[in-house]
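The lines below spell out each chain.
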Amino acid sequence: MSITMPEPDAQVLARRARIVAGLRGIVRGEGVIDHPDGLRPYESDGLTAYRQTPMVVVLPETTQQVAEVLKWCHAEGVKVVPRGAGTSLSGGALPLADGVLLGMAKFNRILDVDYDDRIAVVQPGVTNLAVTRAVEGEGFYYAPDPSSQIACSIGGNVAENSGGVHCLKYGLTTNNVLGVEIVLMNGEVIRLGGRHLDAGGLDLLGVVVGSEGLLGVVTEVTVRVLPKPQTARAILIGFATVEGAGQCVAEVIAAGIIPAGMEMMDRPAIHAAEAFVEAGYPLDVEALLIVELDGPAAECDHLIPKVEQIARANGAVSARTSRDEQERAAFWAGRKAAFPAVGRLAPDYYCMDGTIPRRRLPEVLQRMAALSARHGLGVANVFHAGDGNLHPLILYDANQPGELDRAEAFGNDILRLCVEVGGVLTGEHGVGVEKRDLMPAMFSDEDLKQQQRLKCAFDPQQLLNPGKVFPVLHRCAELGRMHVHRGRTSFPELPRF
Amino acid sequence: MATNPSLRPVGTGELADAIADATRDGRRLAICGGGSKQAIGAPASDAIDLHMSAFSDVVDYDPPELVLTAGAATPLSELEALVASRGQALAFDPFDYGRVLGGAAGASTIGGVIAAGVAGPCRLTQGAARDHLLGFEAVSGRGERFVAGAKVVKNVTGYDLPKLMAGSWGRLAALTQVTLKVLPRPETRLTKLFVGLNLRDALRLMATAMRSPAEVRAAAHIPCAADYADRSVTALLLTGFAASVEARSKMVDALLDLPGQTADIADQASTEFWRDVAVTASLRPDRPLWRITAPASRIAAVTEALGLDRRDQLFDWAGGLMWIVYEGDAAHVRAAAEGAGGQAMLVRASPGLRAATPTFHPPAPGVAALEARVRRAFDPLGVFETGRF
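Residue numbers (our numbering), protein chains in the order written: chain A, 1 to 497; chain B, 1 to 389.
Calculated directly from the structure, the hints in this document are not laboratory data. Even for Gly, the Cβ is constructed at its ideal location relative to N, Cα and C. It is possible that part of the hints are untrue.
Examples of chain B residues lying across from chain A (beta carbon under 7 Å, computed) [what the hints assert, rightly or not]:
#1 Asp57
#2 Asp60
#3 Pro64
#4 Lys154
#5 Cys224
#6 Arg275
#7 Ala294
#8 Ala356
#9 Phe360
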């Protein structure tokens, strides 16, 4: 555990009873939890290597309560960590010992659906899949589909700008959200965007999405819903080499085809998935591609032979096309179960999330194998191949002294490698706690300070989810200071005051 | 009074110095790309023009990666030709404002397009400039170079500042370089035209088409089309592989049982039709032009509230975007837009009207205050606050 959180404020901890009482004045009954047994379920999110019991948990039910809680905490100088369903893989909802954990699970209603405007207005605690369930009767769905969609909440999706296997074609959360209601740390309730495109003004909605719970607490979300494609078919293609699979992906895109999904798995991931769900994956290949095409049946019929031809030209050793929905689901079953499947190979696994330019994939996998040997830990790879988003799963045993630290060191080396080849630290899981201290690998000091100045515009006391995303916390007054610049003049011809 | 001096920095270092000098001296800078949108906003103040023309190189373009990086002053037309030569396109469908504002086409730069959030008819389904700006490099109002986003198509590392920069109209930072997502250029473009529908039926038709799985790319309604004897034209665009477009065209035919006259136009004619929609070619030039966005289901309320003539309206984005020519009181337009759950931007007007009328729809007080704080976060001394907006 290499990441340290801000030192708890002893004065705040000493006031715990008063803080609990103050919160009970706003949220009655069971909505405030302070008993140790009640706090334990909140001590971590999907990044279970990090745990911290929160000072107190509050579960508000109305925007008004959220606003009052935040306003009260703001006045008292108490930190707040918002939490959706707690499925973050980057520790975005990791509590603070001296902080209030603000759970949004009770915001679980779908408020409005308008099929003419193709929108749904939902509360943030509604699960991702529940949005699709609410509209599928009319032939609609909500496009972003993170693997955790059965559990993860829309509010969390907004905070993390979640993706999924279909985002090359249909975009991430940010491309599918039209409006939000948020509460700022001072209790102010603000609406950004609306029920339509281009609501005007600075695109504050665009920065709130993906802000990892640092800018405001989302209390309502308006999303776009799309008509479900008429058909979807998947092709399962095995390759003798990773290079062949990578080249196939590039040539599919070069042929003008944007598949609904294009997923790659390496040999360890294929074997783990097949052993787990018996999806019918070939076991004698080095890389497996799932290419899914959707749209009218005529489009799928037209494109499937094209993709098969490109695959053969790049050395595919097997190719099967789904004949019905059952078979398509079977192809996906292995991929969707890849994380738990790999989880059976070792007591623990650590999921990484870098993005690379796709053309660098063979080199990255080779260097990752070398890192695997150096750190003495296995790794399996699943890859959103269409958009270059790599999920290496590092295998370790937390009960073996030092293995977690080695897994983290290995993971950090992988992410630095992603940045080195022109990629990024995180494609869809967020920075959170996990990648916080790696941010300087990708951004300069000034880049990070500029981002933090944005934070100051929303939350000048930095009470909302501090300790996440940014490796060094600067005070807003310090960030805002202007320094005399270099002390020289490039344009002496300019008239001056 | 002599014309204001102008600056033309040749690199990021010089640009940073120019901005820092201006902040120190209390001068204001007006960031200039190609000047195609100069007639939007309040007329020129005493700000110094900051020309970005040196930042005009294509830095990197790797078609299979779907990523293009170019200097902010690269002409839009140059980038469109470049990606077209590799069978790709800028999917947010940018267009050149020159004709809308009574000038010539061709001056637009990619930085200006991004800064103004320009997106054409396909924005309905393919996203706006904000959705396709992956990363950028800029110099802030502090005179500091910074980058945000990245040069890959999928990234959530740090705040999504590219979203904020798109549509910021040069009020946060001077963009020097942008990285855009590009997409394959569709093999076929087919436009289905329906002639003679009234507004209510046209909005119904577009909503029905958008609800269907026919994957309609764009949808527009021209209430008074000169090419069709001043009758109305409602248009649906289908793009993609020929086999798919053909199937979806049949799907649309089966879906819409229409009394009106129908026709299909393809290829060049289709491209020109939609370019005319983007630049409001059907509306009378030289009159005040407003751009209203609102939920399509409520947009007809604007027509009613303002008592608009057929000739003075144009509907894009299946009714979610409405361009109007209106010579009455600006407050009436804003009230009508708000009444429909939307907002109105003043695009074209006389210098006098532009000086007296805020370009952008006034936000709610809390949002306005937050916007001001965000602007100060990038530009603490207001070096880019030229009084234009």
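Hints, verified against the model:
1. For aspartate 57 (chain B), the suggested interface contact is broken, since its CB lies about 18 Å from the closest CB of chain A, more than 7 Å.
2. Interface restraint check for aspartate 60 (chain B): the shortest CB-CB distance to chain A comes to about 9 Å, outside 7 Å, so the restraint is violated.
3. Look at proline 64 (chain B): its Cβ gets to within about 4 Å of chain A, closer than 7 Å, so that hint holds up.
4. Restraint check, lysine 154 (chain B) versus chain A: the minimum CB separation of about 4 Å is within 7 Å; hint holds.
5. At its closest, the beta carbon of cysteine 224 (chain B) sits 24 Å from a beta carbon of chain A; the interface hint therefore is violated under the 7 Å criterion.
6. Among the interface hints, the one on arginine 275 (chain B) is violated; its C-beta lies about 19 Å from the nearest C-beta in chain A, farther than the 7 Å criterion.
7. About 6 Å separates the beta-carbon of alanine 294 (chain B) from the nearest beta-carbon of chain A, less than 7 Å, and the hint is met.
8. About 19 Å separates the beta-carbon of alanine 356 (chain B) from the nearest beta-carbon of chain A, more than 7 Å, and the hint is not met.
9. Annotation: interface hint on phenylalanine 360 (chain B) holds; nearest CB of chain A at approximately 6 Å, less than 7 Å.
Of the numbered hints stated above, those contradicted by the structure are hints 1, 2, 5, 6 and 8, listed in ascending order.
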